[in-house]
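Residue numbers (the working numbering), protein chains in the order written: chain D, 1 to 143; chain F, 1 to 296.
These aren't lab readings, by the way, just hints derived from the structure by calculation.
There's no promise every hint is true.
[To be verified] Quick look at which bits of chain D chain F covers, simulated, 3 or more residues with Cβ under 8 Å:
#	segment
1	5-17
2	21-35
3	40-50
[Said to hold, decoys possible] Away from chain F, derived, C-beta distances all over 12 Å, residues of chain D:
#	residue
4	G66
5	F68
6	Q69
7	A97
8	R105
9	A106
10	E109
11	R139
The beta carbon of each residue, even a glycine, is placed where N, CA and C say it ideally should be.
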Amino acid sequence: MATLKVEIVTPEAALWRGEANALIARSSEGDFTILPQHTETVGDIVAGVVRVQTNEGEFAFAVHGGYFQVGPDDVEGVTRATVLAGVAERTTDIDVARAQAAKERAEAELAALTKGDPEDHAAHLLAHAALERAELRLRAAAN
Amino acid sequence: MAGGQERNLRRRIKTVNATRKITKAMELIAASQITRSQARITANRPFRDGMRRIIIEAAKGDPAAAKRLLAQPENVESALVLIVAGDRGLSGAYNSSVLRAGERLVNSLRAQGTNVRIIAVGKKAAPYFRFRGFNVEQSFIGFADRPSFADARGVASTVAAPYIDGEVQQVFLVSTRFLSAGSQVVETEQLLPLSVPEAPVETSTKLKGYTEFEPEVEQLLFFLAPRALESEIFSALLEGAASFHTSQQRAMAAATDNADDLGQNLTRIMNRARQDSITTEIMEIVGGAEALRSGK
Numbered sequence: 001m002a003t004l005k006v007e008i009v010t011p012e013a014a015l016w017r018g019e020a021n022a023l024i025a026r027s028s029e030g031d032f033t034i035l036p037q038h039t040e041t042v043g044d045i046v047a048g049v050v051r052v053q054t055n056e057g058e059f060a061f062a063v064h065g066g067y068f069q070v071g072p073d074d075v076e077g078v079t080r081a082t083v084l085a086g087v088a089e090r091t092t093d094i095d096v097a098r099a100q101a102a103k104e105r106a107e108a109e110l111a112a113l114t115k116g117d118p119e120d121h122a123a124h125l126l127a128h129a130a131l132e133r134a135e136l137r138l139r140a141a142a143n
Numbered sequence: 001m002a003g004g005q006e007r008n009l010r011r012r013i014k015t016v017n018a019t020r021k022i023t024k025a026m027e028l029i030a031a032s033q034i035t036r037s038q039a040r041i042t043a044n045r046p047f048r049d050g051m052r053r054i055i056i057e058a059a060k061g062d063p064a065a066a067k068r069l070l071a072q073p074e075n076v077e078s079a080l081v082l083i084v085a086g087d088r089g090l091s092g093a094y095n096s097s098v099l100r101a102g103e104r105l106v107n108s109l110r111a112q113g114t115n116v117r118i119i120a121v122g123k124k125a126a127p128y129f130r131f132r133g134f135n136v137e138q139s140f141i142g143f144a145d146r147p148s149f150a151d152a153r154g155v156a157s158t159v160a161a162p163y164i165d166g167e168v169q170q171v172f173l174v175s176t177r178f179l180s181a182g183s184q185v186v187e188t189e190q191l192l193p194l195s196v197p198e199a200p201v202e203t204s205t206k207l208k209g210y211t212e213f214e215p216e217v218e219q220l221l222f223f224l225a226p227r228a229l230e231s232e233i234f235s236a237l238l239e240g241a242a243s244f245h246t247s248q249q250r251a252m253a254a255a256t257d258n259a260d261d262l263g264q265n266l267t268r269i270m271n272r273a274r275q276d277s278i279t280t281e282i283m284e285i286v287g288g289a290e291a292l293r294s295g296k
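All chains should be modelled from the sequences, with the hints used to inform the complete structure.
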């Protein structure tokens, strides 16, 4: 039987690996779903929620940007899908209070920056990135 | 007097034993760090291999685009060398061997007429090069023992900036590779332009012929390259840390053994000195008694 083996990997650890029915995520070209026997694909993943549907239910991960590869089927008809992300976490592991605090901190930072030195691009980018991460965590944890 | 010698020896034995305690403790700490840093290397492997596989796939998918982005420069005017050493000493030859390899590379690049810029990781690296009259542009300190991915990102962006601006045409990495607990090797590799690993990490058993890309390969590679750089630097940092701990553990074990030997020798000498002084004392007493008796 055709199966899909999904691996969600960060530089520090393999976050999750196991058999799945489908992998749902969004690339820069739009939403996509990987099913067993999907063709070989390499692509990016934009920051968002990556869902893995398995027989035991759905697992969701907040992925802060990354890449995926669907490898060729091996002899037993197993399709391998790998998601590589610099930062990612299980939505159930998200600390909502911490994310909320981070969001407020980033917003305050941004407000201070716009008032202060609008030329400081690096600080602006950092604060923006922090805000986006916090917002994604909150969104991911909410559903 | 003889008693003074004995007291001196006693003091030296105490010093040796105190040092032994420290080296023993450092050995044990290093040993526990080895296990931890080795586990981190293992945990990082799927990510590193996955990143390499994606680069290979992408390079195969559009060789022309890959050539534009990843090709060897024909004319290298300036090169950047990133050297990964440790933050601490007392680790045997770990720092000196990686630093020497770095110096060799810098010298050979200079001999070819290339301008060389140096960026260093680890507290031990910058002083070494400054002392020899090289200019170290930036030195990262504080995470060589336990690098995090964020640290690797910081290093990667610093290293990539002059390359992206076209100031340097090549970036090299000199670091210690952790092959196994028993063997660590200093290696020099080219970081930028990214080299596509020749041998696939994992040969696929069945090929379906073509691969889809989202987005197009050129765009994908463009954004992927910095991520791949981060990944390579991160695994180099992890392996450097593991090599450092291994090296330190070995050095400290040797130091502990030395202290054991030294302590044993000193104890022996001290015992002899004590016996000598006792003998002398008895001789003096006997001599004195003898003199008193004959004087009567």
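Cross-check of the supplied hints:
1. 5-17: holds (count 7)
2. 21-35: holds (count 4)
3. 40-50: Check passed, 5 qualifying residues.
4. G66: It is violated; G66 (chain D) is separated from chain F by about 8 Å at its closest Cβ, not greater than 12 Å.
5. F68: 8 Å, violated
6. Q69: Per Cβ check, Q69 (chain D) is inside 12 Å of chain F; nearest 5 Å; violated.
7. A97: 22 Å, holds
8. R105: Since the minimum Cβ distance to chain F is about 17 Å, R105 (chain D) lies beyond 12 Å and the statement holds.
9. A106: 16 Å, holds
10. E109: Fine: 18 Å to the nearest Cβ keeps E109 (chain D) off the interface.
11. R139: 23 Å, holds
Comparing the model with each earlier hint shows violations of hints 4, 5, 6; every other hint is respected.
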